[in-house]
Each structure stands twice: as structure tokens, then as C-alpha cells.
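Chemist: Just so you know, the protein sequences line up as chains A and B, in that order. Numbered by our numbering, the letters in the first sequence go through residues 837 to 971 in order. Numbered by our numbering, the letters in the second sequence go through residues 11 to 168 in order.
Hints are supplied without guarantee of correctness; some may be wrong.
Using 30 Å as the maximum straight-line C-alpha spacing, the simulated DSSO-like pairs for lysine-lysine come out as follows [claimed, not checked]:
hint : chain 1 : residue 1 : chain 2 : residue 2
1    : B       : K33       : A       : K848
2    : A       : K848      : B       : K159
3    : B       : K13       : A       : K850
4    : B       : K138      : A       : K868
5    : A       : K944      : B       : K159
6    : B       : K13       : A       : K944
7    : A       : K862      : B       : K159
8    : B       : K138      : A       : K850
9    : B       : K164      : A       : K868
10   : A       : K913      : A       : K888
11   : A       : K888      : A       : K921
12   : A       : K950      : B       : K159
13   : A       : K862      : B       : K92
14   : A       : K862      : B       : K138
15   : A       : K848      : B       : K13
16   : B       : K164      : A       : K850
17   : A       : K862      : B       : K33
18   : B       : K138      : A       : K944
19   : B       : K33       : A       : K868
20   : A       : K913      : A       : K944
21   : A       : K850      : B       : K33
Residues from chain A that keep clear of chain B, each with C-beta distances beyond 10 Å, as calculated [claimed, not checked]:
hint : residue
22   : K850
23   : L854
24   : A865
25   : V877
26   : K894
27   : I919
If the Cβ cut is set under 10 Å, some of the chain A residues that face chain B in the computed set are [unchecked claim]:
hint : residue
28   : V843
29   : D852
30   : D855
31   : K862
32   : F863
33   : D866
34   : K944
35   : T945
36   : Q970
No lab work stands behind these hints, which were simulated from the structure alone. Ideal Cβ placement from N, Cα and C applies to all residues, glycine included.
Chain by chain, the residues:
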Amino acid sequence: MCKDFAVLGQSKIKVDSLDKVLGTTKFAADYKMPDMLWGGVFRSNVPHAVIKCLNLDKARALEGVACVLDHTAIPGKNRFGIIIKDEPCLVDDKVRRYGDAIAVVAAKTEELVKEAIELIEVEYEEIEAVFSMQE
Amino acid sequence: MNKVMISLNLNGEDITIEVSPNKRVVDLLRDDFGLTSVKEGCAEGECGACTVIFNGEPVATCCMLAPQADGSTIITVEGLSKNGELDVVQSAFLESGEVQCGYCTPGMILAAKALLMKNPNPSTEEIKIAMSGNLCRCTGYVKIHTAVKIAAEKMQRN
């Protein structure tokens with residue numbers, strides 16, 4: 837039935853496959869630019885909470901740290917999603933899951949990023965969390 | 011840390027280079043030689059994305075230090091195709107529709123190539139075992155195993 841179509845019902849080689857079997861496709865980590873920085877994310881270690889206080893000053897003061905940003909640095913709407921755009925890029929009103937992204941760090945080395953993340957101070961006001969469908 | 015000199019055959023070319031003894035082979039290949047087909051996935055030898063053919067064996071280069079490569083022969087995907095012509099394993103992966111995001115593909119191709127270099131007519135079980143060190147998070151493994159079968163058939167015909 838589909839014999840008359842050029843694509844439907846036919847086995848086609850994907851257009852991007854050739855570069856991928858040659859290993860020439862560039863993925864994010866394959867790009868190199870002069871003066872590239874390392875990036876990292878500071879994440880929540882509680883599942884549900886309001887952030888009472890977030891102190892980025894010590895992390896920002898560390899030599900070699902280019903910037904430490906929270907949701908206030910996002911121009912425009914701090915929401916994304918595949919269909920319904922309601923997920924915060926960086927936590928603003930409250931933490932919704934363990935590992936929610938609160939702040940991002942850019943620094944000269946991978947080690948400095950880790951160090952800066954450890955210098956970020958946060959105070960949570962925890963809210964009761966939901967862990968299962970039944971709840 | 012004192013640097014050390016190492017010599018190896020990389021994709022058919024004899025190379026001598028000075029390296030830090032704590033440099034991993036995956037970094038040597040990607041950063042010093044620009045062979046970015048060698049991917050870093052887990053960095054602990056679990057996923058196989060950084061696989062190369064090392065003295066005829068598939069090896070995870072994230073768990074190998076550069077001095078260990080001294081005197082070795084290493085093949086990456088860049089060394090498989092010759093003058094723009096694909097290796098049979100590459101064309102089998104292409105035709106079978108194995109490739110999805112493609113991040114695991116170079117490692118998969120090299121694991122398959124290493125198997126077929128030793129065993130040109132592997133059974134399905136042997137293919138599964140040989141490919142078990144390489145993880146793919148997009149596809150199932152059926153097409154990957156089919157690709158290796160097609161490659162084996164192509165090799166027999168040639």
C-alpha cells in the first residue's frame with residue numbers, strides 16, 4: 837500500500853547517521869573555544885522547601901569564579917517545559933524536588949566550580965513532601 | 011609532576027609524545043589529538059563510550075593512564091574509514107538504523123570491530139557478550155546486535 841511513497845513504508849537511512857558512524861558529529865563536550873569556563877550547578881538537598889536565605893557572596897568572592905547566578909539573573913520567564921511551560925529553570929518560589937537547581941556557577945577550573953558550590957549557603961523552610969502516587 | 015615520553019601507533023601512524031603520567035588516555039586522544047569520536051560517558055569504565063581498540067582488544071580509555079599506552083597500537087573510529095570509504099562495521103551500523111543520538115555509536119562500532127577481528131562469524135550469544143560493555147540509552151539493543159550480524163555477513167561476502 838505504501839509502495840508508492842518515497843518515504844512512508846520505506847527503510848530510510850537517517851540523515852544524521854553518516855556523521856555519527858564516522859564519529860564526526862559534535863556533541864556539547866566536543867566544542868572547544870578559547871578561555872572556556874567550567875560550569876556547575878548548586879542543587880537542593882531537600883525535597884520540598886521555601887528558600888529563606890540564599891547567600892552567594894562567598895562563592896562569588898572566590899578567585900577564579902566568573903559568576904554565580906540564581907533565578908534573578910534570568911532575563912524573561914523562568915519557566916520551561918516540553919508541553920506545559922511551568923518548570924522553573926532555577927528555583928524561585930520554592931524547591932519542588934531533591935536536586936532542584938538553585939544556582940549555577942562558572943569558574944576557571946573544575947575544582948574551583950566544586951569549591952564555589954560548597955561555599956554557597958542556603959537556609960530552607962521545609963514543607964511536607966509528597967513521595968508517592970497514593971499520597 | 012615529571013612528564014614522560016610515550017610512543018604508540020595511533021590509527022596507523024607512529025607517534026611520540028610527552029605526557030603527564032596522570033593523564034587519562036581518553037583525554038590524550040580527545041585533547042591532544044582531537045579525536046573527539048572517543049566519548050566520555052561515565053568516567054568509570056561502565057558505559058563503554060570511550061572504547062578504543064587497544065592492541066586488538068576493546069578497552070575503556072577513561073580507566074587507562076597515558077603511560078600505559080606506551081608501545082601500544084590504538085584504533086579509534088577516525089582510523090576505520092579509509093579515503094572516505096566506510097569500514098564494513100560502520101556501513102552495517104548505518105544501514106541497520108542502529109544510530110539514534112549517536113553518543114555511544116563510536117564505542118559500539120569499535121567493540122563490534124574488535125569482536126569481528128577475532129571472530130568473523132560470531133553467534134548471537136557471542137555478539138551479546140562482546141557488546142555487553144557498551145551501554146546505549148536511546149535504542150534497544152536489538153538493532154545493535156543486528157548491525158554486528160550484518161557487518162559479519164558483509165565481511166564474509168568480501
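Chemist: Could you run down the list of hints and mark each one as holding or not?
Modeler: The hints, checked one at a time:
A threshold of 30 Å between alpha carbons decides the hint, and for B/K33 with A/K848 the separation of about 42 Å lies outside it, so the pair is violated. Distance check on the hinted pair: A/K848 and B/K159 sit about 19 Å apart at the alpha-carbon level, within 30 Å; holds. Using a Cα cut-off of 30 Å, the hinted pair B/K13 and A/K850 is violated, with the two alpha carbons roughly 45 Å apart. Taking the CA atoms of B/K138 and A/K868, the gap is about 36 Å. The hint is violated against a cut of 30 Å.
For the hint pairing A/K944 with B/K159, the CA-to-CA distance comes to about 47 Å; that exceeds 30 Å, so the pair is violated. Taking the CA atoms of B/K13 and A/K944, the gap is near 23 Å; set against the 30 Å cutoff, the hint holds. The hinted pair formed by A/K862 and B/K159 meets the criterion: a straight-line CA distance of about 28 Å does not exceed 30 Å. Using a Cα cut-off of 30 Å, the hinted pair B/K138 and A/K850 holds, with the two alpha carbons roughly 25 Å apart.
At roughly 37 Å between alpha-carbon atoms, B/K164 and A/K868 are farther apart than 30 Å, so this suggested pair is violated. Of the pairs offered as hints, the one joining A/K913 and A/K888 holds, with about 22 Å between alpha carbons and a cut-off of 30 Å not exceeded. With a C-alpha separation of about 25 Å, the suggested pairing of A/K888 with A/K921 holds against the 30 Å cut-off. For the proposed pair A/K950 and B/K159, the alpha carbon gap of about 45 Å is over 30 Å, so the pair is violated.
Only pairs whose Cα atoms come within 30 Å are accepted, and A/K862 paired with B/K92 is accepted, the gap being roughly 20 Å. Distance hint between A/K862 and B/K138 is fulfilled; the C-alpha atoms sit about 28 Å from each other, no more than 30 Å. Annotation: proposed proximity of A/K848 to B/K13 is violated, straight-line Cα distance about 50 Å (limit 30 Å). With a C-alpha separation of about 20 Å, the suggested pair B/K164 and A/K850 falls inside the 30 Å cut-off, and the hint holds.
Distance restraint check for A/K862 and B/K33: the Cα-Cα separation of roughly 23 Å lies within the 30 Å cut-off, and the hinted pair is therefore satisfied. The straight-line distance between the Cα atoms of B/K138 and A/K944 is roughly 43 Å, outside the 30 Å bound, and the hint therefore fails. The straight-line distance between the Cα atoms of B/K33 and A/K868 is roughly 19 Å, inside the 30 Å bound, and the hint therefore holds. About 29 Å separates the Cα atoms of A/K913 and A/K944, which keeps this hinted pair within 30 Å; it holds.
Among the hinted pairs, A/K850 with B/K33 is inconsistent with the structure: their alpha-carbon atoms are about 37 Å apart, more than 30 Å. Interface exclusion of A/K850 from chain B breaks down, the closest Cβ pair being 6 Å apart, not more than 10 Å. Distance check for A/L854 against chain B: the nearest CB is about 6 Å away, which does not clear 10 Å, and the non-interface claim fails. Listed as a non-interface residue, A/A865 fails to keep its Cβ farther than 10 Å from every Cβ of chain B; the least gap is roughly 7 Å.
Listed as outside the interface, A/V877 is consistent with that label: its C-beta sits roughly 18 Å from the nearest C-beta of chain B, beyond the 10 Å cut-off. For A/K894, the condition that its CB be more than 10 Å from all CB atoms of chain B holds, with the nearest at approximately 29 Å. Non-interface status of A/I919 relative to chain B is upheld: no Cβ of that chain comes within 10 Å, the nearest being about 21 Å off. For A/V843, the suggested interface contact is broken, since its CB lies about 14 Å from the closest CB of chain B, more than 10 Å.
Using the Cβ-Cβ criterion of 10 Å, the hint placing A/D852 at the interface with chain B is satisfied: the shortest such distance is roughly 7 Å. Of the supplied interface hints, the one on A/D855 holds, with its beta-carbon coming within about 8 Å of a beta-carbon of chain B, less than 10 Å. Of the supplied interface hints, the one on A/K862 holds, with its beta-carbon coming within about 7 Å of a beta-carbon of chain B, less than 10 Å. Annotation: interface hint on A/F863 holds; nearest CB of chain B at approximately 6 Å, less than 10 Å.
At its closest, the beta carbon of A/D866 sits 4 Å from a beta carbon of chain B; the interface hint therefore holds under the 10 Å criterion. About 17 Å separates the beta-carbon of A/K944 from the nearest beta-carbon of chain B, more than 10 Å, and the hint is not met. Interface restraint check: A/T945 against chain B, minimum CB-CB distance 14 Å, threshold 10 Å, status violated. Against a cut-off of 10 Å between C-beta atoms, the interface hint on A/Q970 is violated, since the closest Cβ of chain B lies about 30 Å away.
This entry does not satisfy hints 1, 3, 4, 5, 9, 12, 15, 18, 21, 22, 23, 24, 28, 34, 35, 36, going by the numbered hints stated previously.
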